[in-house]
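**Student:** Chains as they are written, first to last, in UniProt numbering: chain A, 1 to 347; chain B, 1 to 341.
Please note: incorrect hints may appear among the correct ones.
[Stated by the list, open to error] Here chain A is said to cover these stretches of chain B; the calculated rule only asks that three of the stretch's residues, wherever they fall, bring their Cβ under 8 Å from a Cβ of chain A:
1) 64 to 71
2) 77 to 87
3) 117 to 124
[Said to hold, decoys possible] Label-pair distances were calculated between CB atoms; the ranges are:
4) B:Gly267 / A:Asp104: 53 to 61 Å
5) B:His62 / A:Glu220: 41 to 49 Å
6) B:His62 / A:Pro82: 42 to 50 Å
7) A:Ser57 / B:Ser81: 41 to 49 Å
8) A:Pro268 / B:Leu221: 30 to 38 Å
9) A:Asp104 / B:Leu221: 35 to 43 Å
10) B:Lys69 / A:Glu249: 48 to 56 Å
11) A:Glu220 / B:Ser81: 23 to 31 Å
12) B:Ser81 / A:Pro101: 22 to 30 Å
13) B:Lys239 / A:Gln154: 51 to 59 Å
14) A:Gln271 / B:Gly294: 50 to 58 Å
15) B:Lys69 / A:Pro101: 22 to 30 Å
It is worth saying that the hints were derived from the structure and are not from the lab.
No residue lacks a Cβ here, since even glycine has one placed at the ideal position from N, Cα and C.
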Amino acid sequence: MRVAIIGAGVIGLSTALCIHEQYHSLVPSLEMEVYADRYTPHTTSDGAAGLWQPYLSDHSNLRETVWNKETFDYLLGHLGSPAAKEMGLFLISGYNLFTQPVPDPSWKNIVLGFRNLTPKELELFPGYSYGWFNTALMLECRNYLPWLTNRLTQRGVKFFHKKVESFQEVSGDGVDVVINCSGVRAGELQPDPELQPGRGQIIKVLAPWVKHFIITHDIESGIYNSPYVIPGSEFTVLGGIYQHGNWNEENSAQDHKTIWENCCRLLPALQKAKIVEEWSGLRPARPCVRLERETVRHGHFQAEVIHNYGHGGFGITIHWGCAMAAARLFGSILQEKQLASPPQPRL
Amino acid sequence: MAAPKVAVVGAGVIGLSTALCITETCPSCSVTVLSDQFSPNTTSDVAAGMLIPHTYPGTPIHVQKQWFKETFTFLFAISNSPEASEAGIHLVSGWQVFKNTPKKELPFWSDVVLGFRPMSEGELQKFPEHRFGQAFTTLKCDCPPYLLWLEKRLKAAGVQMHTRKVTDLWDLHSEYNVVVNCAGIGAHQLVGDEKLFPVRGQVLKVHAPWVKNFIRDGDGLAYIYPGIHRVTLGGTREKGSWSLSPDPGTTKDIFDRCCSLEPSLRGAQDIKVKVGLRPSRHCVRLQREVLSRGGVKLLVVHNYGHGAGGFSVQRGTAKEAARLVGECIATLPGSSSRAKL
């Protein structure tokens, strides 16, 4: 049984690993291949700071709330393991800031130690009158994607540097199941008007004295269009750009100015930080994640496709829950083909 | 009278903070810092510089709280300014965990640090051997940057700094009107204070930049304090030990204790071992003294014996010492500034 994963960002690689972990012993003939035109460090995931934090409201996407929690719990369980450093996984505390009181988020009990900010803490952030403090997780893709790649390589998964132009291209080649993790360019494989780029730009600086994440929110501007500062293990990411529908992957001088001025105003200590890199990327934005099966037919050939794309700016936050859901869909495909015994109990 | 000449003996956090306060309260004073050691070779350089107070049994709690509050407020303002990175001052959040619930759940400083509260169940799960904990956010003064920044500010204020080993305060009496003794553990020899004793601390300074939170065991023997470039792992509290040599067995013990609190430290790199002698005393010696010898007087202000709490009370005790210096100056012949100070 041949399985092809399209896309090698956090979604593609984690879905591949999850499926392989769960089914390779049940399906001895399982052959898995990853196809992508971009690999780490050139994927969208690589540009993300790596902070686990869902959007403020789940827009009644209850599945997504569950997937976020499953991801957090999965990562938390790995924190104490020797793999954590190699995965780029660590705890981090920080602030969410608002200009007015807001309801608590759906994830308040998922993160650790969630609380409101005290008046003294708010003194640190003039212009903001309300906020949260909590401890969450960082998962840096510059470590996590290579770690996933190593795990997959050890398992005999093959990697191909190739831009897949259609599902037929792989299904016609004898692949039984295609896992579509093509992110923002999924529309090139199958039109999806709901999928749009949410362009972001970030500045990477050296500011190792910053130990907290700081995310500001402006209800009017919308998510990620307000400054944020996220310290990583080596660099600190400054951001605050979200441009819906903008496909431009070139850095914009205007956006640079916006990010730099806003972040330095937010955290004066950043003024002396050394700028190391600038990067732009396209968040694969969608009203909800597309995670479903589809039978794609072309002439004599048919293939089962599992779509797993449209994770916007919360791909890292939700990735493992989605990978497990995709694995369940895979299990149902196997059942139908009577290739495996009843699905594994949910891990 | 001519500008009063003040000598500050000692260039650790206490000496430099005190010198700075003196320039603020007595702008006309000529201040000189004398020390056999400057950063990075002071006791302060070994310390992590965390603002978590040590409790002095011999000082009223409200006084200690005042000292801490003044220090915290002073450093908080710098941490939120463009100078923060040069000064090495930054906020850090974390947890103090206890294997047994402490008698006093609320330390006197709980409302000075930020966001102090008991740890949640979820947070405690990360520490299976511990039953109770406190979460809060406080400040850290990274050394050498902090001391170097203080030296820079002092130079800008016209303070001279000389490397000189002072073995007898009387050696200074002809050049200076007032001598401020911030010699730390050196005061044991310098003024023969038998009540001052070392509490030896060995620490590891490691490269583990993914550690963003501090963790401290309430017993004081295991702590993880992330600084700008290095994480300080500790520690020991060996009362009466004068040894400045790192002990390899102790290094292993400290490392194991800290890894037990934070397993990811197993991946720490470039481990450097340091030893410092906390200048410990029942209470900080913060007082004026007039020494007499053959009809000659030497005006002294003592500010030493801060033990494990130097960084936490640096500004508060420095301000008090500066006030005492002002009192000394007011007694000098020809002094017209009686009322001002």
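**Student:** Determine whether the Cβ-Cβ distance between His62 of chain B and Glu220 of chain A falls within the hinted range of 41 to 49 Å.
**Tutor:** 47 Å, holds
**Student:** Can you let me know if the beta-carbon spacing of Asp104 of chain A and Leu221 of chain B is within 35 to 43 Å?
**Tutor:** 38 Å, holds
**Student:** Falls inside 51 to 59 Å, the C-beta gap from Lys239 of chain B to Gln154 of chain A?
**Tutor:** Cβ of Lys239 of chain B to Cβ of Gln154 of chain A: about 52 Å, so the range 51 to 59 Å holds.
**Student:** Do the Cβ positions of Lys69 of chain B and Glu249 of chain A conform to the proposed distance bound of 48 to 56 Å?
**Tutor:** 51 Å, holds
**Student:** Should the hint that Ser57 of chain A and Ser81 of chain B are 41 to 49 Å apart at their CB atoms be regarded as holding?
**Tutor:** Distance hint for Ser57 of chain A, Ser81 of chain B is violated at roughly 35 Å.
**Student:** How does the coverage statement for the stretch 64 to 71 of chain B fare against chain A, requiring three or more residues with Cβ below 8 Å from a Cβ of that chain?
**Tutor:** The restraint on the stretch 64 to 71 of chain B is violated, since only 0 of its residues have a Cβ under 8 Å from chain A and three are required.
**Student:** Given the hint of 53 to 61 Å, is the C-beta distance from Gly267 of chain B to Asp104 of chain A inside that range or not?
**Tutor:** 35 Å, violated
**Student:** Starting from the hint 50 to 58 Å, judge whether the C-beta atoms of Gln271 of chain A and Gly294 of chain B obey it.
**Tutor:** 57 Å, holds
**Student:** Using C-beta distances, would you say chain A covers the stretch 77 to 87 of chain B, given that this needs three or more residues below 8 Å?
**Tutor:** holds (count 7)
**Student:** For the pair Lys69 of chain B and Pro101 of chain A, does the Cβ-Cβ distance stay inside 22 to 30 Å?
**Tutor:** For Lys69 of chain B and Pro101 of chain A the Cβ distance comes to about 29 Å; the hint holds.
**Student:** Is it true that the C-beta distance of Ser81 of chain B to Pro101 of chain A lies inside 22 to 30 Å, as the hint says?
**Tutor:** Between Ser81 of chain B and Pro101 of chain A, where Cβ atoms are some 28 Å apart, the hint holds.
**Student:** Regarding Pro268 of chain A and Leu221 of chain B, is the given constraint of 30 to 38 Å on their beta-carbon distance met?
**Tutor:** Between Pro268 of chain A and Leu221 of chain B, where Cβ atoms are some 37 Å apart, the hint holds.
Hint violations for this structure: numbers 1, 4 and 7, all remaining hints satisfied.
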